[in-house]
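With chain A held as given, fit chain B onto it using these hints.
Which chain is which? The protein sequence lines are A and B, in order.
The numbers in our numbering rise by one with no breaks, and the one at position 65 of the first sequence is 56.
Every position in the second sequence, counted from 1, becomes a number in our numbering once 9 is added.
Think of the hints as simulated: they come from the structure by calculation, not from any bench.
Watch out, some of these pointers could steer you wrong.
As the list claims (entries may be wrong) - No farther apart than 20 Å at their CA atoms in a straight line, the calculated lysine to any residue pairs in the SDA-like style are these:
| # | chain 1 | residue 1 | chain 2 | residue 2 |
| --- | --- | --- | --- | --- |
| 1 | A | K21 | A | A111 |
| 2 | B | K362 | A | K44 |
| 3 | B | K362 | A | C98 |
| 4 | B | K362 | A | D72 |
| 5 | B | K311 | A | A55 |
| 6 | A | K44 | A | L57 |
| 7 | A | K21 | A | S46 |
| 8 | A | K16 | A | V48 |
| 9 | A | K16 | B | V220 |
| 10 | B | K311 | A | Q99 |
| 11 | A | K16 | A | E91 |
| 12 | A | K21 | B | P389 |
| 13 | B | K362 | B | D324 |
| 14 | B | K362 | B | A421 |
| 15 | A | K21 | B | D223 |
| 16 | A | K21 | A | H101 |
| 17 | B | K138 | B | P148 |
| 18 | A | K21 | B | A364 |
Spelled out, the chains give:
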Amino acid sequence: MNAIAAGGMNEATPQRAQTLLDLAKVIRSKNAGPFEVTFDIMFDDPAKYERVKRSGVINAARIAELYRVRRDDVLVCRAYDPAVAFKVTIRRQVGSGDIEDRDVYGCQQHVPLMALEVAA
Amino acid sequence: MDEIVGLAPSGSMGSGYNLEAFKRGIAAQPHFIGQDAGSTDMGPYYHGTGATFLPLATYRHDLAIMLRAARAQRIPLLVGSALTSGANGSLAQAVEIVRALAREDGLSFRMAVISAEIDKSDLKRRLAKEPFESIGPGPLTPETIERCGPIVAQMGVEPFMKALDAGAEVIIAGRACDDVIFAALPMLKGFDAGLSLHCGKILECAGLSAVPTDLAEPLLGRVRRDHFEVEPCHPDHRCTTVSVAGHSLYERGDPCLQPGPGGMNDLTNAVFTQVDARRVQVSGSRFVPDARYRVKLEGAEKLGYRSIVLVGIRDPFMIEALDPLFADVRERAEARFGMAAKGVQLNFSVYGKNAVMGALEPVTKVDPHEVGLLIDAVAPEQDLATAVAMFVRGTLQHASYPGIRNTAGNMAYPFSPFGLPLGPAYRFAVYHLMPLEDACECFPMTLEEVRN
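Pulled out of the complex, with its shape left as it was, chain B reads as follows:
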């Protein structure tokens, strides 16, 4: 076997595909279909609650297309980080969708389900032996673990290889490092880890590394002995050395040294070569194993409940007076609710001024003719958060300020109701490296013979 061909239908499951391009990808006779289905990108809510980012029907749509194609071709389908956080609740939802699709289509296959959620008691026992290195938040403590929703670890390539080795034809895995989904089959067949993982890094976002850039466009990757090659399935799209090298940078802190489970992929000597108008070859990527195998833990702690009010302000005198008004209303809210003692956090964001960049905003003088105001309260109970946000709203609505002409009301409401309870609020509190003795030890796999 001189190459392993992988097909990445899209960069994010549920985003839908270009079906014609997907068929063209299948016609290239790939050895597997790989699909990333999760991320921390959408913020801590999804890790905290374990909720999926999109409605289940959208995942079902994409899974149906991939499953039918994979079974028709008799090639493995590998899905990682199902669904969104890759914790057990959403993993079970993904597995249930696959079973239902198999029943409907009369498909039979061996399915491996790999869990990535870490039992909290087990985690505390491990933590008691040695502290875990943080790669962002404060030190990990048993108390933090308790405040978190499900805690997951990003699995490496080994659990996927183990599942393939066990004859799995469909692999549905919880949280996984994105690139390993695509590196598993090449590495199982003895291809180089650095090339396989680098190819996986390009494939996991599919058409995002082609021109024009489109996350929902399928991409083909061919891992060979001394290089890999990528090619978009859409005949009018193309990969260029700059688009592919550029994508090697995407969402990674360092362009050359990219840490992952069990080691570092070193792209310092990677060479990108244009083969023809649409294909790029890459060589020189090198995987350097760590002395000790570690996986990244992810978890989000609950901070309370959030309620918001969203309004627009058009009056120039009110816009001018916002900062002193905020100070005044904050004082009144403190007097009314005892916010500090109860742990209520109140924030104002003025869209049109510095809401997007906050402290990083270099523009200090602005003269907007209108602004949007987000009143954001986080409190230990939902009702208290709503009460604070609505009290602030009511106070600002009829507040007086220098130059006021309009005494009928200060803010325009885009809709009714005004006060919106958003449910629990979270913060990423677990983002630490946990050492393992065995790369598979906290990623238990179950094999299931699906028969229809």
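The shape of chain A in the complex, shown without the other chains:
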């Protein structure tokens, strides 16, 4: 799993904190129009969802840090109870299909979220 995070996860830590990968059922990214990428983090167990919600780990400042974007570029970051899900939307740094873009659908930008650690 060293491909997920910048490092540290391969270290021998006896009591590793749980991550979103451990708790969420779906972690996905996709364009919301050509100029935004939106992330859905979904759960099949309401208890796990509530735990993540209580932890407050999914917040705009943390998302900005994770994706190295400006705080203003995190457009939406909130829980959505009816879907037992979190919704995060960031401004694309490069528009879909623009010269330097390499993910036209925006569907492979979700991985850094997997490593977010959730307090017990």
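Quick look at chain B alone, frame taken from chain A:
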């Protein structure tokens, strides 16, 4: 009438259907068949050129199934965003396919064709009166408009309602907001706009909101007075409150406030209820009209022509040396072609390192045993783009680097030819909101009596 039942055969026309499930959907006696046939999702090329995403034969395959079923049942068939960009060229192709299918099968019907391409002179006149709000790119200028391929506006529900009201039995429309295709008949019959549009949002991707998830699986939606209900046609598939609520999020920036033509659908108080193992009911969605009706414009400007070379690299010393090699070859290409002065853009993407996420990639230390390298040149002429990409390739092929043992060639080619001209390159430059006096004013409709 206490409900309007809509059938969505698939989430994207041309993807094919599960025919057995489609027949089961027809057996439920829907009042209409709706099909979305376009998107900006596949990037700016399709809006820039007006080209269709798939070969026409694949659209013809799906249209034949839908048209025969709709005529046999005497129910309307509504197709939106035909085909891909929904500009006039591809709209005409879709209409021609429908006419040909009708001739072959001896079908007769009233067809409405609704255009969504905006005349550029008209657009400039409108723009001269007031600037349009951007929802992504820079300000819209007459120069940008000129550099763009066809510019389309996303129509709202009104042009579809107008066509149905005129007795259209087949509606082929250019660019349209996805959900309105499915909301038109319910709203014409007086059902609530918020519920009709929310149901449309679920239906437009068909089986994507069911479990297991499958874009090519048909979905049924029933809009009623105080709720709507969705159900997959496949007997082994099911909708769950989580799958349906989850799909309400899909491809939308905000889970609760979803802007569309003429207003906002507010899902803040939406309630999702499991009816049985396979059906979900939704209530509480509320449409809030804007003070001023606006539609989203879409267009892509031409940046030049793209040529690429795609190679693999296995040598560990070469992989280690890539960044300095790129800097060196870029300098040489600049000296050889004067790239900056000519407006040539050269990019390297290293698959196995950070090609997919680029600047957003948090993993900085990697040790891949092989990498893929995409050499990507965009230039004002195709030949220049190919010349730059091939010059870079040739230079890298025989470049020297620390630790080199292999002096026979640095890169493995997956095929011959090496240099691939990809044609014009585009960027979405029009993504702005244009105010309208009348929701139908830039979506002209023609009615045609198809007789066979």
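Each hint, compared with the structure:
With a CA separation close to 29 Å, the supplied pair K21(A) and A111(A) exceeds the 20 Å bound. Our distance criterion of 20 Å between C-alpha atoms is broken by K362(B) and K44(A), whose separation comes to about 33 Å. Proximity of K362(B) to C98(A) is assessed by CA-CA distance (about 18 Å); at most 20 Å being required, the pair is judged to hold. With a C-alpha separation of about 37 Å, the suggested pairing of K362(B) with D72(A) is violated against the 20 Å cut-off.
Of the pairs offered as hints, the one joining K311(B) and A55(A) is violated, with about 32 Å between alpha carbons and a cut-off of 20 Å exceeded. In summary, the hint linking K44(A) to L57(A) is supported, as the alpha carbons are separated by about 18 Å, within the 20 Å threshold. About 25 Å separates the Cα atoms of K21(A) and S46(A), which puts this hinted pair outside 20 Å; it is violated. Only pairs whose Cα atoms come within 20 Å are accepted, and K16(A) paired with V48(A) is accepted, the gap being roughly 17 Å.
Straight-line distance between C-alpha atoms of K16(A) and V220(B) comes to about 13 Å, which keeps the hinted pair within the 20 Å bound. Restraint check for K311(B) and Q99(A): not satisfied, since their Cα atoms lie roughly 26 Å apart, outside the 20 Å limit. Taking the CA atoms of K16(A) and E91(A), the gap is about 31 Å. The hint is violated against a cut of 20 Å. Proposed proximity of K21(A) and P389(B) is contradicted: the alpha carbons are some 31 Å apart, above 20 Å.
Only pairs whose Cα atoms come within 20 Å are accepted, and K362(B) paired with D324(B) is accepted, the gap being roughly 15 Å. Proposed proximity of K362(B) and A421(B) is supported: the alpha carbons are some 17 Å apart, at most 20 Å. Using a Cα cut-off of 20 Å, the hinted pair K21(A) and D223(B) holds, with the two alpha carbons roughly 16 Å apart. With a CA separation close to 9 Å, the supplied pair K21(A) and H101(A) stays within the 20 Å bound.
Between K138(B) and P148(B) the CA atoms are separated by roughly 14 Å; this keeps the pair inside 20 Å, and the hint holds. With a CA separation close to 17 Å, the supplied pair K21(A) and A364(B) stays within the 20 Å bound.
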